[in-house]
Amino acid sequence: AQKVTQAQTEISVVEKEDVTLDCVYETRDTTYYLFWYKQPPSGELVFLIRRNSFDEQNEISGRYSWNFQKSTSSFNFTITASQVVDSAVYFCFLEGYNQGGKLIFGQGTELSVKP
Amino acid sequence: DAGVTQSPTHLIKTRGQQVTLRCSPKSGHDTVSWYQQALGQGPQFIFQYYEEEERQRGNFPDRFSGHQFPNYSSELNVNALLLGDSALYLCASRSLREQETQYFGPGTRLLVL
Chain X
1 AQKVTQAQTE
11 ISVVEKEDVT
21 LDCVYETRDT
31 TYYLFWYKQP
41 PSGELVFLIR
51 RNSFDEQNEI
61 SGRYSWNFQK
71 STSSFNFTIT
81 ASQVVDSAVY
91 FCFLEGYNQG
101 GKLIFGQGTE
111 LSVKP
Chain E
116 DAGVTQSPTH
126 LIKTRGQQVT
136 LRCSPKSGHD
146 TVSWYQQALG
156 QGPQFIFQYY
166 EEEERQRGNF
176 PDRFSGHQFP
186 NYSSELNVNA
196 LLLGDSALYL
206 CASRSLREQE
216 TQYFGPGTRL
226 LVL
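Top line first, the protein sequences correspond to chains X and E. The first sequence lines up with residues 1 to 115 when you count with the numbering used here. The second sequence lines up with residues 116 to 228 when you count with the numbering used here.
Quick caveat, the hints were computed from the structure, so don't treat them as lab data. It is possible that some hints are incorrect.
Unchecked claim - Only some residues are given here: those of chain X computed to face chain E with a beta carbon under 8 Å: (1) Glu44; (2) Phe47; (3) Phe91; (4) Gln107; (5) Gly108.
Cβ coordinates follow ideal geometry from the N, Cα and C atoms, glycine included.
Looking at chain E on its own, in the form it has when it is part of the complex:
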């Protein structure tokens, strides 16, 4: 049973560019959450998707947007990248109906130059 997978593992972009990160949830999970973890900090909640809708959102600007597909996989898009967007981006999945624990993927390390 595959766990949560994320792609790519590493990414380098320049300021002003746009980036798309991808997440495939654990089998049987219907909810995907995204987190940003800056170096030396705890993860910060970006948003959560359930049934292809954004269910809730943290304190992140509109430059951060997402999408969930019918197969429950998800994308995180960041526009107009800033140096401060450099971080580890973590995806977590869970079954909201079962109120299960969320499980995390290995993350995507984004470096903005």
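Pulled out of the complex, with its shape left as it was, chain X reads as follows:
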């Protein structure tokens, strides 16, 4: 079975704090992609990052960084020095390739950054 778990339903931080959003996945596929999307109140899902199952290199993009660990089936997302504009719902997403290409979102983590 394929599953994506985002255990943190809501997180509230004060501006400039660092925050980490957790994502744990289950899949029997050996080839898969993991994604993070941001959904602001407008509703449109904004692509943040994609990693494939063969590339465990961590990535940093400005204030955003991602930690992919196959050993623990986790793909965590850290925002450094959070800003009010980071307030949104963040989704982790799994796309499997070996069993017909299953597409599964986590339940989302609502991040609230207060000034």
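Chain X is already provided as a structure; the job is to place chain E on it using the hints.
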């Protein structure tokens, strides 16, 4: 370069009615996927179209059907609407040949009364 567009933006229907939602993919994309997102939930995959054929399908009843046209645009049809069909319907497009990331449209908010 226009991104993924969807129409209409909002829609109100009554139980038992039928609805058609439309999606135009990003230029250069050949694959369209549809998702249903209920309030407070993550999007749920409905189905995906490639080369005018349904390539794969999630756990949705036959009341949900779709179509892809030669210009790669797509429609989602829902028959015999239920109150529980009220949701944000998201369309995403990608280039399957290029194995690109999928990009999402702004969605259509459907309210069933």
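A quick look at each hint next to the structure:
no., hint, verdict
1, Glu44, "holds (5 Å)"
2, Phe47, "holds (6 Å)"
3, Phe91, "holds (6 Å)"
4, Gln107, "holds (5 Å)"
5, Gly108, "holds (5 Å)"
Checked against the numbered hints above, the structure violates none of them.
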